[in-house]
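Protein chains in written order, with numbering that gives the first Met the number 0: chain A, 0 to 248; chain B, 0 to 495.
Treat the hints as calculated values from the structure; they're not laboratory data. Worth double-checking, as some hints may not be accurate.
What the hints assert, rightly or not - No more than 20 Å apart at the CA atoms, straight line, and that leaves these computed lysine to aspartate or glutamate pairs for DMTMM-like:
{"#": "1", "chain 1": "A", "residue 1": "Lys-107", "chain 2": "A", "residue 2": "Glu-200"}
{"#": "2", "chain 1": "A", "residue 1": "Lys-195", "chain 2": "B", "residue 2": "Asp-273"}
{"#": "3", "chain 1": "B", "residue 1": "Lys-243", "chain 2": "B", "residue 2": "Asp-273"}
{"#": "4", "chain 1": "A", "residue 1": "Lys-197", "chain 2": "B", "residue 2": "Asp-273"}
{"#": "5", "chain 1": "A", "residue 1": "Lys-195", "chain 2": "B", "residue 2": "Asp-340"}
{"#": "6", "chain 1": "A", "residue 1": "Lys-193", "chain 2": "B", "residue 2": "Glu-330"}
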Amino acid sequence: MKTIMVCLKRVVDYNVRIRVKPDGSGVVTDGVKMSINPFDEIALEEALRIKERGEAEDVVVVSIGPADIQQQLRTGLAMGADRAVLIECNEDISSLTAAKVLLKCAEKEAPDLIVLGKQAIDDDCNQTGQMLATLWGRPQATFASKLELSGNVAKVTREVDAGLEVIEVDLPAVITTDLRLNEPRYVKLPDIMKAKKKQLESVAIADFGVELSSKVTAGNWETPASRAKGIMVNDVDALLAALKEKDLV
Amino acid sequence: MVPLPVALPNPSRTHYKRLSVVLTKTIPDAVIAELKSIVGEGGWLDSSADLTAYLEEWRGLFTGCTPLLLRPASTAEVAAILSCCNANNVAVVPQGGNTGLAGGAIPGLNDQNEVLLSLERMRDIRAIDTANFTIIVEAGCVLERLQQAAADADCLFPLSMASEGSCQIGGNVSTNAGGTAVLRYGNTRDLVLGLEVVLPDGRVLDELKGVRKDNTGYDLKQLFIGAEGSLGVITAVTCKLFPKPASVATALIALDSISAVVDFFAAARTALGDEILAFETFPHIAMDMVQQHIDSCHSPFDDEYSWYVLLDLSSQRSQSMVDTGLLAFLEAQLDLGLVTDGVVAQSGAQRDAFWRIRHAISEAQKLAGASIKHDISVPVSQIPLLIEKASAVAESIAPGVRPVPFGHVGDGNIHFNLSQPEAMSAKDFLALWGVMNQRIHSLAVSLGGSFSAEHGIGLLKRDELARLADPVGLALMRSVKLAFDPNGIMNPNKLL
Ligand SMILES: Cc1cc2nc3c(=O)[nH]c(=O)nc-3n(C[C@H](O)[C@H](O)[C@H](O)COP(=O)(O)OP(=O)(O)OC[C@H]3O[C@@H](n4cnc5c(N)ncnc54)[C@H](O)[C@@H]3O)c2cc1C
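Only chain B is shown next, with the shape it has when bound in the complex:
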């Protein structure tokens, strides 16, 4: 477990005066009793033994507390809860699968009592329409179950990430999660056609209709996507489905430089178009760490190369057509000298082996010492410059630092993670977390990028949002928050 970095944003600090209403610090017994009666027996938990799993943040960065966990079973119960909390100025923190990486789902971190509202009992699949390619699910449906329901109907729900066994669709929508298929299918936002949301005052916004064209004024549901529970509680989602691909093909490619990786990406898009499902890259140090620390992960190459690309295709065309197309493209790139070496998966097992290497990087890095992480994005064309400059910045702050930049090249999203210098202690290195973050976040923004690409703001990057966001945008966000949630009961002190 990563120790708490010394310079982590202090959750109790506020940057601005926003709320006119003062939230209740201690929730009166009568309100607690009313909330319990709304959900009934089995719908709430309050003993600390039962609550542990809900209060611990995944990376161990935050541990929260709450007097009451509510587990409503219907939209009506959620509405009754919020209306009661709103009337009594009680803060509410929505929680999905608690896999978020920004601390957004953890209650009780601002010195005040907050009710935790888990969607875990609202997990029904309400309807599936294979002609319309849509599915309506309740917010607490675990992503993997949603994928399976789509597969059972011979369709694909393409959202996929390493946390899919635990995270919920409501959490995915609230964080606008990315994952491994963004290049082809987009972020969660692109996969959502409709939402049902309970507003802080208990009214229900029904925007579930599954149509792809609907120009009838402000597209309000978009505001809840990526809102991290700050505007209301999402209770159901209409998701887009896609035809199940008929074939997949995967290659692991070796290249000499990060600019070759970017050129190779452009060439791949031109030649293979929308058949590219994922285009992921990692440097040799990542391959090295994975081989050293993770059992059953081996480089398929005999030699070492500077950079690797995991290229994954999926298609409605036949397997042999896709295989042939991929090979013809790769051969041409090898002839041109852009690509140095490559292996093409000959079986599903080999494809899995390539993905295992990619997915093992975080874990391997954890075993290789302490790390300081950045989840940044820039236009794809700026990636080489970003890596060059950010590496120099990191070296100037922590001489001997080992940069392990990897990620979703196709989305311009680099997990610019830094492993501690071998000669420095973990503690001394982690003390540099805040300085390092600030300098590298500023760099990403100056290159036309974002300091938080897919993991959101939550509690972890709230200071950075205040520091780096466009002031006009920030002011508008605060107005939106005030308009939707005038009493500020929804997930206070997160995001904004």
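Extracted from the complex, chain A is given alone in its bound form:
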């Protein structure tokens, strides 16, 4: 296999307490710690392992966002990706727009495999990979917790509600990754230095000729209502009485 394309989305770091903007127009991202979407990090790790096994030659990481997502792409390069493509875009875009832009990228890179997270932890949409596969006209294997390649076929173990499902897809294909697939490596200092010399290509999203406006608009954002304070009860009888009083049993 020649090229694996990995899509990385920058999101508000998992450990940051999310705050809604006072005017309800979105969540606060200014001055907030940002990281690679953890599922995408797993996708990159898997691509790197494939390459290190000698089953691929080239790993390219692609991200859509403002110029400073460079930092997350550099992290991807430091982890071991060979090249990075930054698609500069200063607006929020929908999953469908992202899929259309990534399709253009895929047409140019002609990868044998596209790997990305099953969802991004900011909007939890869980649809970009599926849309991309459909637009690309190639098979998809979502929620991967195990991935084996042989020749032109990928054998993928999927995490589904009922348990695990094993399927085979022909390459090229789109694979979306689940939590248990692997544990991403840490970024080593010498590798960060080496990553500075790797190629990072910037393109304006306008160059792809994709319509950016979305059919879906968010009306208002709200913080979930806070839970009422608990009470302490002394014994099981008191517990039952309290539950009955609230009409819960």
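Once you have looked at the hints, place chain B with the ligand on chain A.
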């Protein structure tokens, strides 16, 4: 649970005659009744089932007893309690979250009845002033709640340690606790602007004012900070607050020797200044033990290195500026050859993973066999010499011993902990506790350091204080004690 070391200081031994007043061994029923009436229903406990948690020391080294636990709800109640106890020569042991590591909060260890006074019901946040960057809280406020109250006001209360879910600010002040942010923000003493204290005779010392300049004679409140409940009961504290950092950055660095660690620290301070929040070190054996015994803790490195440093930064500058600054510094150190390898946290999850390794060391060491512990400090420049000499001392006492020195390099504070030799039984090894302590404590002192850096004296190191303290200082401490507490009712036989 660690078995009681054979040579532990004997709590009933006294080194000097201090008290002219003889404390009541058995508290008369009338006094008990009066104390109960002061706090009223719900303010006291005396059944042994209810008391267990208050009487067991955290490491299992001491188990106390008491005829009465008082849980006052106000400063006035504390004052009434102390005045009653003072009049009747009844000993009082104050207790916060009972997480202290020196046995200071455990009553009834000297063969006499002592009333236990818990601050747990005095936990109100009295006032917060974000322009003055101060908060006034009652002594029983749990540290984590105080941190949260500060965070809710968009501020930071920087005191932080592994026990923060249970320990109380009054306990932190009474032990002058250290923790993980001392390098940047100082010990608890540096975070306290004011105190309210009930004196043994029931008078209330109100020194709560939240000012940073106040040159009006002796700074009396300082005496209660680190006094371990021996001078009075702290009922409220005015704490300093700080702006919440805008960004954090964390790296785990590998180095070849402990002297490289010390040189790296100097370089880091020069380059990064006050952005350094913590600078912690541990040797490979600690990494090994953690990986072996603690689930979900893995070395981020493929290779093994002699020493590791956990470098944590926080700043008011933007995330990208801090990240860039840290990377530029680390690259320069890598080029110079001082640093061998390193990983930089790319997410909050990775930062947590690095800290988990650091915090898991004690637990992992516990699982790797019996250990003899030392909480010592020396000037940072003396750390390599301390570790070299102390390791040699330990080896001469217990051949095959496995030293696991780790801790807060930036504060010169090393937890010089020793894991038992694999060929020796736990019991034989622990029998060496006293000898080992004495030799290593003496060594720390001879290098210009302290034999008890952050955990205090309590009951555990009382003999060592008598042995190692400057005699003039010790005499002054006794005079202070006598001046504040002439009847000696406050936490007797602890500390002094
Ligand atoms: C897991 C763990 C990690 C720890 N990490 C650290 C660390 O990093 N740094 C560090 O310095 N310590 C550490 N400690 C020790 C301990 O948490 C601190 O000493 C803490 O400050 C004690 O607070 P406390 O409320 O539990 O006090 P207690 O244990 O209840 O009491 C400690 C002493 O203070 C006295 N006292 C308590 N409250 C009052 C009061 N209101 N007025 C007068 N006297 C009072 C008691 O009589 C006793 O002598 C750790 C302990 C544990 C269990």
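Verification of the hints:
1. Lys-107/A <-> Glu-200/A: Answer holds: Lys-107/A to Glu-200/A is near 13 Å, not above 20 Å.
2. Lys-195/A <-> Asp-273/B: 28 Å, violated
3. Lys-243/B <-> Asp-273/B: It holds: about 15 Å lies between the C-alpha atoms, which stays within 20 Å.
4. Lys-197/A <-> Asp-273/B: 33 Å, violated
5. Lys-195/A <-> Asp-340/B: 17 Å, holds
6. Lys-193/A <-> Glu-330/B: Given pair Lys-193/A, Glu-330/B holds - Cα atoms ~11 Å apart, limit 20 Å.
Going through the hint list in order, the structure does not satisfy hints 2 and 4.
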